[in-house]
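Take a look at the letters that make up each chain.
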Amino acid sequence: MQPIVSIRDVRKSFGSLEILKGVSLDIPKGGVVCIIGPSGSGKSTLLRCINGLVTINSGSIRVGNFDVQSLKTDEQKIALRKVVSMVFQQYNLFPHKTALQNVMMAPVHVLRENKDEVHARAVALLEKVGLAAKADSYPGELSGGQQQRVAIARSLAMRPEVMLFDEITAALDPETVKEVLNTIRGLVKDGMTCILVTHEMRFAREIADDVYFTDGGVIVESGPPADLFDRPQHERTRAFLSQIL
Amino acid sequence: MIRLKQKSKEHWWITSRRRTGDGGTDLPVLLPPAQALTRSARAERAWGFYTVRLPWQLGLMLLALFAAGCGIAQAQTTANHPSIFATIWKWTPLLLTGFLFNLFISVLAMSIGTVSGALLGFAQISRSSPVRKAAWFVTQFFRNAPWLVLLFYCMFLLPFQVTVFGVTVPIPGWVKATIGLALPVMANVSEILRGAVQSIPAGQWESAESLAFSRARTMWMIILPQCIKRMLPPWMNMYSILTMATVLTSIVGVAEIMTLTSRALSAENRPGLLLAFYSYVLFWFFIYCYPIARWTLYLEAKYKVDT
Chain D
263 MQPIVSIRDV
273 RKSFGSLEIL
283 KGVSLDIPKG
293 GVVCIIGPSG
303 SGKSTLLRCI
313 NGLVTINSGS
323 IRVGNFDVQS
333 LKTDEQKIAL
343 RKVVSMVFQQ
353 YNLFPHKTAL
363 QNVMMAPVHV
373 LRENKDEVHA
383 RAVALLEKVG
393 LAAKADSYPG
403 ELSGGQQQRV
413 AIARSLAMRP
423 EVMLFDEITA
433 ALDPETVKEV
443 LNTIRGLVKD
453 GMTCILVTHE
463 MRFAREIADD
473 VYFTDGGVIV
483 ESGPPADLFD
493 RPQHERTRAF
503 LSQIL
Chain W
3 MIRLKQKSKE
13 HWWITSRRRT
23 GDGGTDLPVL
33 LPPAQALTRS
43 ARAERAWGFY
53 TVRLPWQLGL
63 MLLALFAAGC
73 GIAQAQTTAN
83 HPSIFATIWK
93 WTPLLLTGFL
103 FNLFISVLAM
113 SIGTVSGALL
123 GFAQISRSSP
133 VRKAAWFVTQ
143 FFRNAPWLVL
153 LFYCMFLLPF
163 QVTVFGVTVP
173 IPGWVKATIG
183 LALPVMANVS
193 EILRGAVQSI
203 PAGQWESAES
213 LAFSRARTMW
223 MIILPQCIKR
233 MLPPWMNMYS
243 ILTMATVLTS
253 IVGVAEIMTL
263 TSRALSAENR
273 PGLLLAFYSY
283 VLFWFFIYCY
293 PIARWTLYLE
303 AKYKVDT
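Sequence lines, in order, name chains D and W.
Take the first sequence: its letters are residues 263 to 507, numbered as in this note's numbering.
Take the second sequence: its letters are residues 3 to 309, numbered as in this note's numbering.
Hints are computed from structural coordinates only; laboratory data are not their basis.
Where hints are given, some of them may not hold.
Said to hold, decoys possible - In silico lysine-lysine, DSS-like type, Cα no more than 25 Å apart, as pairs:
1) D:Lys344 / D:Lys334
2) D:Lys359 / D:Lys377
3) D:Lys390 / D:Lys440
4) D:Lys344 / D:Lys359
5) D:Lys359 / W:Lys304
6) D:Lys359 / W:Lys231
Please read these numbers as outputs of a predicted model, since none were measured by experiment.
Let's have the full structure, built from the sequences with the hints guiding it.
This is how it looks when you write it as structure tokens:
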């Protein structure tokens, strides 16, 4: 099957610091991939490269019909971001808009869709993430977990084909992590292609089709979660997992 | 030593909790004033200008000064002079027109300065490097120049009339003075805007970008609405400073309150009136600026951005 995201030998440096040193991976449509690894191993940078927030130095990234590295103009990048949506660790909701307005903004103003239709969709999405009652609350009035679920609904409102999650539970209280993970479980069940950078190993094991362990800008090891977690081949993977599990 | 270390760690924890708005309690007695001081110092650093505070006690002091001035004047009043209050009352309508003119100049200069300052501020955060550098230079030049020098520049370098399509339009002195005052306001508004935009967390830009917002739309719909709150207190502070600076225009001959006061004093030719008249004028400025300054401080505390 043709992968929906195909990454080939991607390299990225910030100044003299090389963050990604030749990363390759494929994700089939509807696939769920978890990227794990120590801090500074380039996981978040890789996600940002996939939706063009960070431009790569060499290699290629293909998402659907887009060659991400060859997108130059704002219009081209905007077209890509209608296909790939990203959820951040710090939620980054717009604080001056209510939850509902946060969800509606991009479809109404960027996709120029009918406001009533978007409204209905936004309400349905908030219901899906279990926050229909909080539609008129401002982000400041919501807990971290609730904000993160609104952020997920906001990304889904763009009707993306691929969702990127960048350590979305890292800033949350342990109790609220569960509600966010449940939301992602729901998405996976609906067949959404998901790429998650996460430190939730148990969750990764449960949900991922493939897990990639990165360190020092390269993919050290990858495979189905059962293999990677239970029978890691590399010494580095074993060392990392022994620290975390 | 260990105890001291532990204490300072605890102190840091408490203050950082306060700073992040977690609402710490059990604060040492000295902390709230220290925090207020830190906060105002931070605000002044961010605004790039001193904060006009005007506590109400200052108003009382001005009243006392005025009363003392009246006392001195009354003591020096001879039989053929009207009383000090009658004299002040006589000149009040004239002084009032002068004061209104000051306010008119302040509003006009603020409007011009705000519009041009906003444009300059946007240029300061432009993606084009030459535009950004040029805007930075203009901002720094006018922000750091003495206001009086700028005023003289405008008075003597701007033409006294312009001819447009054969029609000659005179440019009166007060218009030039207004432009002269608008220049430093422009530079400061530019800096206020740049500071506010850059104080918005990068995550807001990033998430807008990932939701396919263009840069212009992100600025207009997401960044600027959040900036307004941050810009309002320093902008109002700027207006208080500007209002008080309008009296500078008297030096270049604009018929505002200071000019009219000195004219009144020379017409009366009674040196004893000096303190009474000038503290009277000062009190008017206090009355006008006091609510603005208090409201500014209130908004500053309300919208304070934790860093």
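Status of each hint after checking the structure:
1. Under the criterion of a C-alpha separation no larger than 25 Å, the hint pairing Lys344 (chain D) with Lys334 (chain D) is consistent with the structure, at around 16 Å.
2. With a C-alpha separation of about 16 Å, the suggested pair Lys359 (chain D) and Lys377 (chain D) falls inside the 25 Å cut-off, and the hint holds.
3. For the given pair, Lys390 (chain D) sits about 15 Å from Lys440 (chain D) by alpha-carbon distance, which is consistent with the 25 Å threshold.
4. A distance of roughly 21 Å separates the Cα atoms of Lys344 (chain D) and Lys359 (chain D); the hinted pair therefore holds under the 25 Å criterion.
5. Distance check on the hinted pair: Lys359 (chain D) and Lys304 (chain W) sit about 19 Å apart at the alpha-carbon level, within 25 Å; holds.
6. With a C-alpha separation of about 14 Å, the suggested pair Lys359 (chain D) and Lys231 (chain W) falls inside the 25 Å cut-off, and the hint holds.
Checked against the numbered hints above, the structure breaks none of them.
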